[in-house]
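Dock chain B against the given chain A, drawing on the hints supplied.
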Amino acid sequence: MKRERIYGMMAEFDSAQALVDAAKRTHQAGYNKIDAYSPFPIEGLAEEIGFHRDEVPLVVLIGGIIGGCTGYLMQYWMAAVDYPLNIGGKPPHSWPAFIVITFEMTILFAAISAVFGMLALNGLPMPYHPVFNVPRFALASKDRFFLIVFSSDKKYDPTRTREFLESLQPRSLSEVPS
Amino acid sequence: MDEQYKITGDAQQAPVIEPGYTFGTVTEKISAIVLTRPASNGWFLGFGIAFMMTMMMLFAIGYLFLKGIGIWGVTIPIGWGFAIVNFVWWIGIGHAGTLISAILLLLRQSWRNSINRFAEAMTLFAVACAGVFPAIHIGRPWLAYWLFPYPSTMGVWPQFRSPLMWDVFAVSTYATTSALFWFIGLIPDLATLRDRATHPAARMIYGMLSMGWRGSARHWHRYETAYLLLAGIATPLVLSVHTVVSFDFAVGIVPGWHTTIFPPYFVAGAIYSGFAMVLMLAIPIRKIYGLEDFITERHLQNSAKVMLATGLIVAYGYGIEAFMGWYSGDRYDAFTLWNRLHGPYAIPYWSLLICNIFVPQVLWIRKLRTSPIALFFISGVILVGMWLERFIIVVVSLHRDFLTSSWGMYYPTRWDWMTYIGTIGMFLAAIFLFVRLLPMISIFEMRTLLPEAEVKGE
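As they're listed, the protein sequences go chains A and B. Just so we're aligned, residue 1 is where the first sequence starts under my numbering, counting upward by one. Just so we're aligned, residue 1 is where the second sequence starts under my numbering, counting upward by one.
Calculated directly from the structure, the hints in this document are not laboratory data. The structure presented is a predicted model; accordingly, all values stated were derived computationally and were not measured.
Calculated cross-link-like contacts (lysine-lysine; reagent style PhoX-like; alpha-carbon spacing at most 20 Å):
hint, chain 1, residue 1, chain 2, residue 2
1, B, K29, B, K287
2, A, K24, B, K456
3, B, K29, A, K142
4, A, K154, A, K24
5, B, K367, B, K287
6, A, K33, A, K155
Chain A on its own, in the form it takes in the complex (with noise of 0.2 Å):
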């Protein structure tokens, strides 16, 4: 497969407003490889770039559902299993002095899953990514507020893109290098 030399066209914005109303008009306009860039999470701005799927809840319940289990049955096998000892006359499966531990590891298995889990999702850690290779794009992380719309996408075409992207009315356009 033949690697693409240009990764997509840049778009520059000055406020979070612009951004939002930028991202629906080029959704809309029919791209839809495309993504937005921001300084801080800006609400519906995943679903104007056409995100609906987010499988961070999935993945917690998974994790805590099995820390839950891992912590219950672990208890059971090593007390009342594999090493039952007698104390205090109390029964080898003595659930109510189970729970809490049980409880412990449900938040734990969540917790890591939550965290590792987003991570996962989103492909992180990945050092180096194209849209680094735009200088501005350093902004991105602190005042500016970007839309990329990818050359992978079916309607990507150098001219007519920038053409669009240029109706927009951005502070600057780039062309970004993979």
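Positioned in the frame of chain A, the structure of chain B alone reads:
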């Protein structure tokens, strides 16, 4: 004026962030402390002292490992001494950080945004200080790993019916989750530092730590979901941790320990001392680094209100303990109460009541709630009070129990004091490093507080 009103919420209150800031200036101001501001002589002096205190702790621990816990004041019947007092005190201090970062996030208290980062750092360092004690107090510290369920050649497993075992899981889960919560909050700000640092080494270190964060809308969406869920699971966690710590006592039958009020009153006490520590750190830091615009009167006032409320819950706990001593008709409970008020440790008990109940009542006065100097000293008094509370619970309950023949006294030795003061040094040294190496205020969350962050839907 419209926008001004929106961020203050209430025209009567001081704003969460002073007006006139933009995304750029907020970023500039917070990141400059790390990137461009040279370390002052005061910083070196403070860090140096804290570091020497840490060395003193290591020395005391080294000698402890050499000689055994006989160098401490612990004897039978008081086998728990300073180690457990300090453990509970430090763990409690950590709780305010999680309360600020998780519970206040769920309650949509946006004023938390400027203090959550260093409150979380405080949590981590406090938990680290707490973690020192259980490991060193067990007599044979090289066998501390026996606490964890691992397949040993002896074939036995830990005793899961014991609250001490629950504590191991609760505290290690708490430490892990706090560290994750802190780190995930730092990622976008580390990306900011990466993009703003000029030194190649700094760019690389911050770059690696930021995991290549680029602020994509998809990433932010998942990030916010994960952050919110983490807050949701950290909330019951933080309430559970001090509850489990209180089980260490409440499940035992010693008079003064065996009471059902312990879990809620431990949690309230933890938040009480934690906010006192937050204020003791925030007040000098905002002054030294000129952050009065971000950590405003509003934050001080709100923290003072939380202290007042939790302080009253703690007072209620003391009241119920005293009431039950009388109402239960149990002669040992009644004696515990009498012994606290009139016994050999009466001075710590009365000091505790003064520090935790009487002095903090001045926070009803608005003028004192907004005065940084007054708050600093009141917080100090509360921290002393909360330490005394744990001393009363651990030592005074143990020193005179059912049989007069087994009564005893506890006198901390210089090694006890050196270890305790040493952990304060370790805590402060970590805070000193933190304010120089990482953004102590969450930059990206501060940006969302600015009026220009607002996006109108159609």
